[in-house]
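J.: The chain contents come next:
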Amino acid sequence: MNDSSYRIHGDTGEWEVVIGLEVHAQVTSNAKLFSGASTEFGAEPNSQVSLIDAAMPGMLPTPNKECIRQAVRTGMALGAVINKYSRFDRKNYFYADLPQGYQISQLYHPIVGEGRLEISLDEKDPEAFTKEIGIERIHIEQDAGKLMHDQHPTRSYVDLNRAGVALMEIVSRPDMASPAEAGAYVKKLRSILRYVGSCDGNMEEGSMRADVNVSVRKPGDELGTRTETKNVNSVRFVMAAIEYEARRQVEVLESGGRIVQETRLFDPDRGETRSMRSKEDAHDYRYFPDPDLLPLVLDDAFLDACQASLPELPDAKRRRYESDLGLSAYNAAVLTADAETARWFEALLAESARVQAKGEQEVARPAANWLISDLYGALNRLSKDLDESPVSPVQGAELLALVADGTISGPLAKQVFEIMLDTGDGAGKIVEDRGLKQTSDTGAIEAVIAEVLAKNPNQLEQYRGGKEALFGFFVGQTMKAMAGKANPAVVNELLKKALAG
Amino acid sequence: MTDVTDLGIAQLRDGIRLGTFSAREVADAFVVKVSKAKALNAFIVETPDHALAAAKEADAARAAGETLKPLAGVPIGMKDLFATKGFQTTAASHILEGFKPVYESTVSQRLWDAGAGMLGKLNMDQFAMGSSNETSYFGNVISPWRRGGGDNAPLAPGGSSGGSSAAIAARIVPGATGTDTGGSIRQPAAFTGISGIKPTYGRCSRWGVVAFASSLDQAGPMARSVQDCAILLENMAGFDPKDSTSLELAVPKWEASLSGSLRGKKIGIPKEYRVDGMPAEIEALWQQGVDWLKDAGAEVVEVSLPHTKYALPAYYIIAPAEASSNLARYDGVRYGLRELAEGQNLQDMYAATRAAGFGEEVKRRILIGTYVLSAGFYDAYYTQAQKVRTLIARDFENAWTYCDLLLTPTAPSAAFALGDKGDPLAMYLNDVFTVPSSLAGLPAMSVPGGLDKGGLPLGLQIIGKPLDEQGVLDAGLAIEERAGFTARPQSWW
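If you read the sequences in order, they're chains A and B.
Numbered per full-length UniProt numbering, the first sequence finishes at 501, counting up by one with no gaps.
Numbered per full-length UniProt numbering, the second sequence finishes at 493, counting up by one with no gaps.
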């Protein structure tokens, strides 16, 4: 299904939804955008606040080069124009979590201009339904602190640990037309940020959040009035907020009302958005160039170094997995969807190729299949992430090598893997200690087959009567009798002979 | 016996080095003078222990035969705009009353590192906004000067560095720091018969200086001689990585290179500075300055700075715009004054704190600044003012093709009586000659030229090319050598 056909079915007919996202991504850096204070998550309140962050009199901001570098690399990964000249502006408003009384941002001259991002609407077949979403700009700005209203019956407390932390605001064009497209956009963007290493993408920790702009219109009509739902902090909530907001707008319009341009909040408990403030009492931010900071001027050497530092990005990697490694489109998509998986897979691949003395393309498919079905299955069961896997890529490669050289059968490998998860032992040791080595001893296998045939005269008669599907039954019985240790290829060959009589 | 408080920075430094007197004697003498001069209201806080500690260190170093630091044992005054660790820093405002920073401004730290000691925090116009010192929350500074003929009306010491100028003229400090946004070093220097230089924007770090208008604020020294200014400036200036607008340049040896000979130099006289209603005495002093500089070997040419008349309006848009934003941090949340009645919310607290904490002039400029930055007015005011600023800078650049330095009066009048300029616009007009060079970020200095017929000092301003503090100081010295300005106020305090 091409998702752009998403429609709200109202009483007066069908409505299209128009969506634009402003994603705030916390820049991965040890220090804040304009001060040396730490950015680590979860520290004691107000333990990571410099004199600058607290806006003490006479304090001045100085830009952190790492934050600039990360924004530039992010722009490059999105194929965007990098502006060699950019500037910081002050956005003025009063709030207790904003010590300076202004946020340093970039309104007039952002560091990154237009770019694009391709989303895929079918995970199983990533090339089938794709859509390009325009990126309007990326600018760098300071985060605010946090107010805590639940610490005291009548007072609010302020935690400035986040105040001054660097954010990238990544502004999309209003190119999305369904909750699914918006969800795919956020996922893809998060994937790219993680590949680049410019943002950890942890939405639950608040290091990535989205302002969701939604409007509705009858197909072919002019753009409708939009609302902006602030600070939505998961892919699921982004989709839910759009779904709710689009339906709400259709209901308002169909009942003769009009949409007010306003800022709304998403309530995840109720799955609904509600009004925060309308345009009438919107702030006048009085933006002007920050006189404490010189314009940012980037030279070619810096830009070249940024470009050279970019890793292979998910789309390129996925295509290479398909064309060079011969993986299925689905497997390639799963393995490249996030940087951590791809790193794990590539470590497994390199080690497999090394221990088996084969090319990567020869070992890629079994490695991919094992990772996606066996390892992911186990991790799911254990509720663990890949980075917490009890089995390392080197251990996985050892197991795959034992299968590849016929030491153990596929079914036996599954058993060995379970023991590896339980004990942490290597596959070779487990096979050795427990005598699980596969046998190709034809004499022993023939003896067992003879026994199996003797025990199952009815099935034998049916098979010989033409019910060849029973072959699998005989394989199973034989393998079972040999505790899984028989070489399946040898079993197949000998069984065929014996069954033929 | 010499009264050490009659001596300037160079003489004190040399005397301490030579052992003519001890640093302790110097510190003691000034501490006594400061404590007896309360009628001037030049200090918000006196810090005798700081000065005495520096003196002790200097005397100990000398006794141990060590090489003395450049300002070892020299006591100075510190404008209350500079954050001083452990000493109240208020910018002469109520909103920062009682605020003791846990940090030291870069400029004051450099002076302490050079061996200087602090006699106290000098009074000033609140947040450096004013030209008369009347906007201080702690009461206005009174100039030590009085008009002759039995007129005892208290006079303005100029502003905003009025505590600095009054204290130096009264010889209760030998030198002091000032800051200059649109003339706040030069105009008070002119009003009190002393010298003061605003260096090129970016020479002195703004880190730890309470901000008024960031793109204009610049620290500089004030003292009774050009040489003293050079010495102090050498120990204030220098690159500071904590200030992005700080210039990454070595500090020249201004004192060692000082020369009152101006052979080969061309001095420009900007014709647009001949404003209507300028007192004849100022006109005459300006001509006198021309003659002095010719006598020093310079060639004098007339030049044009065609956009001069737009400088003051542009300044009074840009400076308040920046101030309205810079002063947003004084909100009662983290430090300083907090006004919060039971049951009030955050907005109430902001309003009450800022209403009580800021003076009238500060509020006026916050309102002007907020207005010119607001949606719908931004382009008409702020953007336009920035264009004017560019044109003014270009005027100067063009002038430099014809001359090396400019000579102008510092202010359009001598010191006025306190309370004389109730109309803010009349007060703003006092900055007419100093503001253009501030907008262009140029080094500029005021030196005393003579007295008006009422016996009050008048100053001459020298404006230089970017980074040419040396040229400015040299021309200042040439005037100083010829003006022979020895007048001093008679003590009534």
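Read the hints as simulated data drawn from the structure, not as lab findings.
Hints should not be assumed to be uniformly reliable.
Ranges between beta-carbon positions, derived for each pair [what the hints assert, rightly or not]:
#1 F377/B to R173/A: 47 to 57 Å
#2 F94/A to A284/B: 33 to 43 Å
#3 E272/A to E342/B: 29 to 39 Å
#4 E342/B to R274/A: 24 to 34 Å
#5 S374/B to E272/A: 26 to 36 Å
Beyond 10 Å from chain A on every Cβ pair, some chain B residues (computed) [to be verified]:
#6 A91
#7 P154
#8 K242
#9 Y335
#10 A375
Okay, the calculated bits of chain A under chain B, using three or more residues with CB under 8 Å as the criterion [what the hints assert, rightly or not]:
#11 56–65
#12 108–118
#13 133–140
The beta-carbon is built from N, C-alpha and C at its ideal position, and this holds for glycine as well.
J.: Work down the list of hints and note, for each, if the structure agrees.
T.: Status of each hint after checking the structure:
1. For the pair F377/B and R173/A, the supplied restraint of 47 to 57 Å is violated, since their beta-carbon distance comes to about 30 Å.
2. Here the CB-CB span from F94/A to A284/B is close to 52 Å, at odds with the stated 33 to 43 Å.
3. At about 36 Å, the CB distance of E272/A to E342/B agrees with the hint of 29 to 39 Å.
4. Distance hint for E342/B and R274/A: a CB-CB separation of about 31 Å, consistent with the stated range 24 to 34 Å.
5. A hinted range of 26 to 36 Å for the beta carbons of S374/B and E272/A is consistent with their spacing of about 35 Å.
6. Not every CB of chain A is more than 10 Å from the CB of A91/B (nearest about 7 Å), against its label as outside the interface.
7. For P154/B, the non-interface assignment is confirmed: its Cβ lies about 30 Å from the closest Cβ of chain A, beyond the 10 Å cut-off.
8. With a least CB separation of 6 Å from chain A, K242/B falls inside the 10 Å interface cut-off, contrary to its annotation.
9. In this structure Y335/B is not separated from chain A by more than 10 Å, as the shortest Cβ-Cβ distance comes to only about 7 Å.
10. Consistency note on A375/B: stated as away from chain A, yet its beta-carbon is not over 10 Å from all of that chain's, at 5 Å minimum.
11. Restraint check on the stretch 56–65 of chain A versus chain B: 8 residues with Cβ-Cβ distances below 8 Å, three needed, restraint holds.
12. Chain B is given as covering the stretch 108–118 of chain A, and this is violated because 0 residues of the stretch bring a CB closer than 8 Å to a CB of that chain, at least three being needed.
13. Closer than 8 Å: that is the beta-carbon criterion, and the stretch 133–140 of chain A has 0 residues meeting it against chain B, so the requirement of 3 is violated.
Of the numbered hints listed earlier, those contradicted by the structure are 1, 2, 6, 8, 9, 10, 12 and 13.
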